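Novice: Make the full structure from the sequences, and use the hints.
From first to last, the protein sequence lines are chains A and B. Count along the first sequence from 1, then add 133; that gives the number in the numbering used here. Count along the second sequence from 1, then add 3; that gives the number in the numbering used here.
By construction, these hints were calculated from the structure, which means they are not laboratory data. There is no bait here: all hints are sound.
Computed list of lysine-lysine pairs in BS3-like fashion (alpha-carbon distance at most 27 Å, straight line):
hint : chain 1 : residue 1 : chain 2 : residue 2
1    : A       : Lys194    : A       : Lys451
2    : B       : Lys76     : A       : Lys264
3    : B       : Lys47     : A       : Lys282
4    : A       : Lys407    : A       : Lys194
Beta-carbon label-pair distances, calculated as ranges:
hint : chain 1 : residue 1 : chain 2 : residue 2 : range
5    : A       : Asp544    : B       : Thr187    : 51 to 61 Å
6    : B       : Ala25     : A       : Phe214    : 45 to 55 Å
7    : B       : Ser42     : A       : Val171    : 22 to 32 Å
8    : B       : Pro45     : A       : Ala286    : 18 to 28 Å
9    : B       : Glu39     : A       : Glu155    : 18 to 28 Å
10   : B       : Thr173    : A       : Asn552    : 41 to 51 Å
11   : A       : Phe214    : B       : Glu39     : 27 to 37 Å
Because the structure is a prediction, the values reported are computed rather than measured. In this text, a Cβ means the ideal position worked out from N, Cα and C, and glycines have one as well.
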Amino acid sequence: MPQEFRLILKNIDQPGYTNDIECYLRHGGYEALKQAIVLKPKALPDGKIQTGPEQIRDEVKASGLRGRGGAGFSAGLKWSFVDRRSGKPIYLICNADESEPGTFKDRQILHKDPHQLIEGMVISCYANDVKLAYIYVRGEFPDAARILKKALADARAQGFLGKNILGSGYDLEIFIHRGAGAYICGEETGLIESLEGKRAYPRIKPPYFPAILGLYMCPTIVNNVETLCHVRHIITLGAAKYAQLGTPNNTGTRIVSLSGHVKRPGYYEIEVGKVSLGQLINGANFGGGLRDGRSLKAIIPGGSSSKVFRAGEKFKLKRKGADGQMVTVDVDLLDLPYDFDSLQAAGSMSGSSAVIVLDDSTDIVKALANLSEFYAHESCGQCTPCREGSLWMSKALHRMTHGGARKQDADYLIKTATNIQGRTICAFGEACAWPVISFINKFREEFEAKGEADEAKSGTSH
Amino acid sequence: MSEPTEFSSASKPTANPLAHDAHFVVSAELEAEASELISHYPEKRSAVLMLLHEVQERFGYISQEAVAWIVAKLEMQPIHVLELVTFYPMFRQQPAGQFQVKICRTLSCALGGAYELHHHFCSRLGLDDQAHGIQTSKDGKFSVEFVECLASCGTAPVVMVNEDFREGVTTQQADEMMAQCRKTKG
Chain A
134 MPQEFRLILK NIDQPGYTND IECYLRHGGY EALKQAIVLK PKALPDGKIQ TGPEQIRDEV
194 KASGLRGRGG AGFSAGLKWS FVDRRSGKPI YLICNADESE PGTFKDRQIL HKDPHQLIEG
254 MVISCYANDV KLAYIYVRGE FPDAARILKK ALADARAQGF LGKNILGSGY DLEIFIHRGA
314 GAYICGEETG LIESLEGKRA YPRIKPPYFP AILGLYMCPT IVNNVETLCH VRHIITLGAA
374 KYAQLGTPNN TGTRIVSLSG HVKRPGYYEI EVGKVSLGQL INGANFGGGL RDGRSLKAII
434 PGGSSSKVFR AGEKFKLKRK GADGQMVTVD VDLLDLPYDF DSLQAAGSMS GSSAVIVLDD
494 STDIVKALAN LSEFYAHESC GQCTPCREGS LWMSKALHRM THGGARKQDA DYLIKTATNI
554 QGRTICAFGE ACAWPVISFI NKFREEFEAK GEADEAKSGT SH
Chain B
4 MSEPTEFSSA SKPTANPLAH DAHFVVSAEL EAEASELISH YPEKRSAVLM LLHEVQERFG
64 YISQEAVAWI VAKLEMQPIH VLELVTFYPM FRQQPAGQFQ VKICRTLSCA LGGAYELHHH
124 FCSRLGLDDQ AHGIQTSKDG KFSVEFVECL ASCGTAPVVM VNEDFREGVT TQQADEMMAQ
184 CRKTKG
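Specialist: In structure tokens form, the structure reads like this:
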């Protein structure tokens, strides 16, 4: 039976483990930083000399670490895009704006093990020649902001932060910046605008790639909380050993947030791809199955923006056969390995690794109406298709769940959603369109039945 | 003389949505905190969200006077502060109740009974559970509002009472919470 694999969560929730620096140090804290900061320049086979920071960047790339925030993009590659020749300062921002519905993993790290994040951040900043960094904490985490503020002060007092860190001559400051309740601040360019003291209107790419034109138009790295924590473990384990965790191209571990209709909702850390969706939901040491007497209806596999799966779906996935040739195999929904690539191949995504389980008691139209209300509320309003479309969809779904459904609503919603996706500055357009498109495509009969029932009741037909 | 048209200067200007606060006085402590926060950024303007938080924590909402103070402190245009207060949902433009009850309404909490919980708070406090936005009880003790995902979906439904975070809240716990709050002097 697959088990949890606790790397990031190793100490979290253990009896006696607290979030103060003494406890962290007793558990081997800041050893990875001590190791990283004294790395000596190394001669490569081709005669080039590689500095310590360059070696760390190489390790992170070789580890295969993919961003844990939502996009799953290679962290090492993201770092490699940073413009290091501009002469401008390089900034690093930790994205602690955890707000994708279904996700509650960063909350655990911020509240219960803040020094793990700070250590990962200091190493990442050192590797990228960053002198000033920020932790952008969502406004609804006032406790996390206070805990981090104290943790930063304690780290500073012990020489892990500030001037001349551990006698290396390297200076770094990290400050807390608080958001104020806007989901769009989780989008990295919106986050940067917000940090500059503006409305969080995402910037258009090109030209505003953060790695080149980020905070104050300087090269900027934005990484998720969990991603930065992994950097610490990559240093401790070494890239090669780290990459043995998980599965090829889906390395390391990942914290899955499991919520909805399961017996044991919660956060579970797994080796990426070593546990299936079904095991996450039904495993005795994971979700523990559905509530008694209930059956599975749908799974939202990677945060509310990911496309929904319907119970019983089967997928054709490409796998390497015994002879090394690629073969197409049939995979049941519940047998999908929980990783980046399998979920993408199945037409959805692992996103922020938030699994929301819906059982047969769920009114699927009502569930979509709930999500659409979220997106209508959170659209920043910059792009017309998203600002207007997200509200149209929410209004139509509100009407549908309040006795006024019409037969053509399903088509109307699909048409609206398809006119939003791909026509906006940031990925919010897709985030609000995908739930609508996937819910209707996979449960069309429920949307149409509602329309028929309501029209029959009111005696009208449009 | 012709009648003033909709766009003429004679038409009524849009009122500033922010309330006045006759009691807005900046303490030396707040001045010091503001200076510290400003020092964290290469550009002053970046400190604006942090200053708005500091003001709201002390005064309960963002008043016209507070905006004027921030504008002077950060050398910004008033519109650039006002547009943040209207954009970021956490900032209040009017005073709220002594205890602000924020109930998460997004999917996992909704599946876990958030709407029933919201209805319970509203009916106990004489508020309309269908009304949009924040509502304050007549005695000024409580404000109730639905908010979007509070990132604790595994312990649904979740509620924040001011800065206190509560998980897996039942209607019985809600009653206890309100009783506890009522004992606290306003």
